[in-house]
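> Given two chains presented individually in distinct reference frames, assemble the corresponding complex, making use of the accompanying hints.
Residues per chain, in single letters:
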Amino acid sequence: MTTLTTATTLHTPAVGTAHTRIEGRDKVTGAARYAGEVPFADLAHGWLVLSTVARGRIRDLDTESVLAMPGVLAVLEHRNAPRLTTDYTSLLGMRPDPTCAVFQHDRVPHLGWPVALVVAETSEQAREAAETLVVHYEQEPHDVGFGAGHPDAYAADGHMPAVTEKGDLDAELAAAAVVVDAEYTTPEEHHHPMEPHAATARWDGGRLEVTDSNQGATWVVGELANLFSLDPAAVRVRSEHVGGGFGSKGVRAHQVAAVMAATVLQRPVRVVLTRRQMFSLAGYRSPTVQHVRLGADTDGHLRALAHRSLSQTATGYEFVESSAGVARVMYDADAHHTANRVVRLDVPSPTFMRAPGEAPGSFALEAALDELAEKCGIDPIELRLRNEPDRGPVSGLPFAGRNLAACLREGARRFGWGERDPRPGRRREGRLLLGTGMAAASFPAGAMPSTASATAHPDGTFTVRISAADIGTGARTALTLVAADALRTSPERVRVRIGDSDFGPAMIAGGSMGTRSWAWAIRVAAGELRERLALGTGIPPEGITVRSDTTEAIGALAAAERHSYGAQFAEVAVDPGTGEVRVRRMLGVFAAGRIVNPLTARNQLRGGMIWGISMALHEEAVRDRVSGGHVGADLAGYHVATHADVPRIEADWIEDTDPDDPVGIKGIGEIGIVGAAAAVANAVWHATGVRHRSLPIRPDRILAAAAEAPDA
Amino acid sequence: MRKKQLMTSSTSSVITLKINGEKHTLPVDHRTTLLDALRERLDLTGTKKGCDQGQCGACTVLLDGRRAVACLQLAVAAENREITTIEGVADGDRLHPVQQAFLDLDGFQCGYCTPGQICSAIGVIEEHAAGWPSAATSDVRPEAGPPPLSAEEIRERMSGNLCRCGAYVSIVEAVARAAGVQADERRGEDVPAGKGAAA
Chain E
14 MTTLTTATTL HTPAVGTAHT RIEGRDKVTG AARYAGEVPF ADLAHGWLVL STVARGRIRD
74 LDTESVLAMP GVLAVLEHRN APRLTTDYTS LLGMRPDPTC AVFQHDRVPH LGWPVALVVA
134 ETSEQAREAA ETLVVHYEQE PHDVGFGAGH PDAYAADGHM PAVTEKGDLD AELAAAAVVV
194 DAEYTTPEEH HHPMEPHAAT ARWDGGRLEV TDSNQGATWV VGELANLFSL DPAAVRVRSE
254 HVGGGFGSKG VRAHQVAAVM AATVLQRPVR VVLTRRQMFS LAGYRSPTVQ HVRLGADTDG
314 HLRALAHRSL SQTATGYEFV ESSAGVARVM YDADAHHTAN RVVRLDVPSP TFMRAPGEAP
374 GSFALEAALD ELAEKCGIDP IELRLRNEPD RGPVSGLPFA GRNLAACLRE GARRFGWGER
434 DPRPGRRREG RLLLGTGMAA ASFPAGAMPS TASATAHPDG TFTVRISAAD IGTGARTALT
494 LVAADALRTS PERVRVRIGD SDFGPAMIAG GSMGTRSWAW AIRVAAGELR ERLALGTGIP
554 PEGITVRSDT TEAIGALAAA ERHSYGAQFA EVAVDPGTGE VRVRRMLGVF AAGRIVNPLT
614 ARNQLRGGMI WGISMALHEE AVRDRVSGGH VGADLAGYHV ATHADVPRIE ADWIEDTDPD
674 DPVGIKGIGE IGIVGAAAAV ANAVWHATGV RHRSLPIRPD RILAAAAEAP DA
Chain G
568 MRKKQLMTSS TSSVITLKIN GEKHTLPVDH RTTLLDALRE RLDLTGTKKG CDQGQCGACT
628 VLLDGRRAVA CLQLAVAAEN REITTIEGVA DGDRLHPVQQ AFLDLDGFQC GYCTPGQICS
688 AIGVIEEHAA GWPSAATSDV RPEAGPPPLS AEEIRERMSG NLCRCGAYVS IVEAVARAAG
748 VQADERRGED VPAGKGAAA
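Residue numbers (our numbering), protein chains in the order written: chain E, 14 to 725; chain G, 568 to 766.
Next comes chain G alone, as it looks inside the complex (with noise of 0.2 Å):
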């Protein structure tokens, strides 16, 4: 019923999202974001609206691979690129490896920037290995290749990602672990044992 304000106009455009390698079509109201897209629309809940304005990073999903905030993205400027959301990134019912670190070593406490923060993760994972510097990165020439993966680094690439309850310490545990590096502060006197996917 409601749809039906919604066809192609002046103010409304039916677009297709290729969203976890999945396509949709919908006509959405030209002021729809991208998050709210994937949250009202398309019922893909598992990306978090936090501020809504591009601060907290609860929003993040991977643009053609690369980290974005959804809330800055409008749905209509989304079309014709990859949108890999929290939902798509498992394989199946194996979990991804920044996952699967996140639960065994309790990277969050409520779970509402987690989302945000695995994506980010993936992000960051895939731009160290190809040789992105961060603001922490001592030596940025291009032959220098890319730096150790150490805590100060995930913590410097993953400052976008806000967690209020305080998580930071799991968090670069998990991120370190997927990344198979060995963090250089970890602590893991609770990790419950087996279940990690460290390489």
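So that you can see chain E by itself, here it is in the shape it has in the complex (with noise of 0.2 Å):
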């Protein structure tokens, strides 16, 4: 036994200070062991076989040839394939996506929907057998085509209701000086994370251990533990390091079919899916089309204001993309009517991608409102002060802290917004024409209920364990700080583990929920440890353990609107021979609550804004009709930007906090993403004087544009 002493005068405090992250040795020595990178003994290796068609029927598959493959193990496909259970609810309380149900009948409701997994002793034998294996089928006519008009559209809730109205929507807009009225487009986007996905499944004395890239052990042990009729308890999921997720990274169609072969075979399987697989087989944004309307009086005050969204989903799966759903905390309006709607398509499955609905709703909307200011003779910034709502604009729900206005303020200081010359295509340096942009954005900050177990060592060290994910957003380290803070010592003393179904139910990471959902737990208990340990009683060999569960907490949350705000800036150039335009700066101010690491927070904010140049100029996932799949499917057809796309970016913050949460943490995963498209659509307009609707922002629509202007 040894007594702890608490030097509590002593303690300085490790959260809002830079930390390197803890596990960055390991990142910057390969020694970081991914999911796809840890050893197993007797491994196989399966790879998926994907339809060639949109829509039909599987009539034979000729495995027979295959199976006689060298080294092939197995080919599993809807005839043989393990049963699985679909009918429950998941943990974020969606239904699971049939694209992870695999080979359970011989439709195939999308191109690249997997139809086999072919398992060899090498991924060389997989590989060349699944391309090998022949697929019959029976051909039926699809529909990929997605746009405005489209007759099977219907209004649908997905994680918020479909459609809100308050006023007289044609009344306010007859009587509005000023109006605009615009459709705006974005594509489909992918997330592409770095790190393909990848698992390896395995049974070990009865229970399911599946080694895993995801954004939530708790989440994939749910999902697993339910399609294989399983108890939770007998599943394990661990994911030490997750090479990036954006929100693709739940269950999906590899470790399931992982967990089948390693079924069948009883040896452990690993399926990686390839870059190209990702098209069809990780989620994706939906296109959207959106029409927004806008009434005001020539002071600005907006009378009017209707946000109305198109997005696609699946035929078998509901997934909406809630673009329309920021204008129901940005703008107040007398009449305020918003919509998001989906149509069913022959495609694959859309699911959550960083900001989802804030990210392309935030785009339609704040160019809007910078076309409004442009009528109205009224600067952008000065526009929205003008039309800051004192309550939730559609849930009349009062505002826990609302510090748009102060992001505002500080982002046009340190731009030098005060210089700008608001007429547009005045600025020129050689061909170039230069411009600036602003927009407004705002991100929901909620906390969703967690376990974790802090434990004090007798040598004065503690561990900490909860089933978090760090995905890249620094986690790890964030928590250790939290967790320092708490049990009053130096983060050195502290150890986090993470990444374990076996450390107890928890958050994902999405919805930039997780770093506060989890602190929230590891707070509450180290601080119960702390007062355990301040009684003085001595700590056994094994240490003294405490546990935690926010359930109640979160649960007796009082309702308000919860949410971060942020104002972003950019400077582009834009060459009218070539048609390019290339982000010069960008300046993003943010209020999102206490920032644990500003070393992290700062990279992990810049990364959202450079997600937002990408969105307005490089990205788009081109479908073709005929075929229904993809046209270069792969990261040389579909551009992310890159170091030279990127310019000096500035990220920062300004004082706010949550007075409810106990770290004051609202979450940083997504806020940076929303509104920089906008941002630098705005400033293509300011460059130009051409309206750029729909994104992205490619040098072929600079130039058509250009050439239809009236003074071209």
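Hints listed in this document are in silico derivations from the structure and should not be mistaken for laboratory results. Mixed in with the good hints, there may be bad ones.
[To be verified] Derived, one-sided and incomplete: chain G residues facing chain E with beta-carbon distance under 10 Å:
1) T578
2) V581
3) T612
4) C623
5) E654
6) L672
7) A702
8) A718
9) E719
What you are looking at is a predicted structure, and each value in this text was computed from that prediction instead of being measured. The C-beta atom is built at its ideal place from N, Cα and C for all residues, glycine as well.
Encoded structure:
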């Protein structure tokens, strides 16, 4: 027995100070192992075979010749695969995505649908056999034609009510002195984390063990237990390091196929998605068509706001890209109408992608605000300040801190907004046209129940366990700082273990809620542990462990509009000869609660802003209506911003907190992208005098629009 | 057991690869890429597979000191070459200056593109010192000598390495610090003091 002396007076708070990543050394030396890199004895390799038709029925698969190929161990397909249960609701309150319930029937609902898994001794053998497998289809006509006016569109709820309506829209529009009525479109976008999805499944003494790359071990355990009708306690999912997620890393076809193969073969099986397969199996952000109507008095006061968004989903799965939702938080109007609609097409299942709804929605809404500012002759920042609501425009609930105005003012000061000539097309540098633009941003700040444990060891160190996931957010480091403060000790004395479902149920890394939810649970466990230690009893060799569960505390949170906010600024240079748009500088000022680790937070916020540049100028998955599949389904065909596209970017924050959260965290994973694409698009207008309402703003669009402009 | 199938034959060969100064003799299927040989056969998993088709740069290694993507290189074609992977760039426990700068300046988030970014950066610094121009170089005459290693030069030269997390700003800062140049657009307010390996 050792007695621990707690020197509370000597404690220097760790939260709020810059700390390099705890696993940083492992990541820069290549020692950090991701899911597909953990060695297993007797490992077999699975390779998925995807459909080459967009709709129809599998008539036959020529599996016999493939089974005779060197090293091939099995071909799983709908005629021999284990049966799954799909009648359940997941941790996130959703029905399972049919794309992950593999090999259950002969129907093909989209191109790139998994039709078989070939398992072999080596990955080369599995790949060759998979590419050799001939699948016979009965093909049926398909419809992948997304666009406004699709006759099958319907209003759908998703994670928020589909429709909100307040006031007489037609009357207010008619009475408005200034009206903006415009349609905005965003293309299909893909997450593409750098680490492709990978999982190894094996049975160990009656327990299913999955080494995986995911955003939440609890989530994946729940899905796998339901699908395979297992006791959740008989499933363990681990993911120590995760190479990015952005919403795409939940349960997917590869984990399910790996579990099936490990069950059939009774040996470890690894399945890794190829980059190309990720285009149809990893989810994506639906394209959107958004119709925004704004009506204002000459002083900019909004009388009417209507935001109607259409997105696509799969025939067998309803996911709604809720782009009209952001208007319910940002601006009030005497008549305020919003609606999210979807159309079911023969396409893969879309899913959450960084700031789902807010990212495309803020592009349309904030671009429309910019158009209104131009028409009213009011500065875009002033227009927003004049329309700051004092209660939730739709909910009527109070705001739990709304620091948007402070972000706008601080951003304007630092960006030099006051020196801007509001007239478009005035600044030139050689042949280049220069312009600046801004946009406002918000993203919900929430928390979900989680459990954690904190253990005090006799040597004065601590271990905290929580099934959190660090997908690049720096959560492991942030949680260490939070735990250190709660324990009144230094971060060096705290070991935070994450990425293991055996640590108990916890929230996923998603919805900007991960670190906040986990920090809350850790804070409770660590706080109680400190109280126990203060009693002065000794610490036995096995340590003293305290567990926490925040279900009750989070359930007791008062209803309020809880969000983080931001002001985004961009300067662009447009080459009228080539149509190339280059972002020259960007500034984001955020009110995002208490910042736990400024070093990693700034990096993450800038990452979100870079996603905004990428969304504004580069990203576009093009679907071929004839085949139903993508054109150029790889990273050469699907452009994401690279070094040369990214200029000096500053991200900073103002003092902000959530008074109801013990750590004051709001979450920063998504606010960085919100409004960023609109700021770039608004800057392109300021440079050229032409409104670009369809993303991405490609060179050909710049050139075509310039050719059509009246003074061309 | 499996290795028996992979003796020298019309579809496999026994090869010797020199990796990080050490020789490894192994039988390989002729289809095996250098990337898969490193990751699947030699347990050198620091080299990452991001796209397996030469488009993302995550598998960047140094071949005879020059940058190459290991996914577009067959293992059998890499014999007799000096292969340097992320596991071989540090000097024992002492990190390479590029690694140290990435760590100190947070030049990554998820870490999956990081080994490729670091190997690429080591190549960039050497290529630049040797006077190689880039698309961002204004004066490409041989007598002009190496251009200043500005942020723009670094960005252009590093553009074969994608980082989906978007850590580009701090990656450029890290490369500049490791190269011992003044990054013209540095913002170091979060930088923990002291540990940098800057020249």
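> Hint by hint, note whether the structure agrees.
Verification of the hints:
For the restraint placing G:T578 at the interface with chain E, the shortest Cβ-Cβ distance is roughly 8 Å, inside the 10 Å limit, so the hint holds. This hint is violated: G:V581 has a C-beta 16 Å from the nearest C-beta of chain E, more than the 10 Å allowed. The beta carbon of G:T612 comes within 4 Å of a beta carbon in chain E, closer than 10 Å, and the hint placing it at the interface holds. Interface restraint check: G:C623 against chain E, minimum CB-CB distance 5 Å, threshold 10 Å, status holds.
Interface hint status for G:E654: upheld, as the beta-carbon distance to the closest one in chain E is roughly 5 Å, under 10 Å. Taken as an interface hint, G:L672 checks out: its beta carbon lies about 8 Å from the nearest beta carbon of chain E, inside 10 Å. Given hint, G:A702 at the interface with chain E, holds; its Cβ is 8 Å from that chain's nearest Cβ, closer than 10 Å. Using the Cβ-Cβ criterion of 10 Å, the hint placing G:A718 at the interface with chain E is satisfied: the shortest such distance is roughly 7 Å.
At a threshold of 10 Å, the smallest CB-CB gap from G:E719 to chain E is about 8 Å, leaving the interface hint in force.
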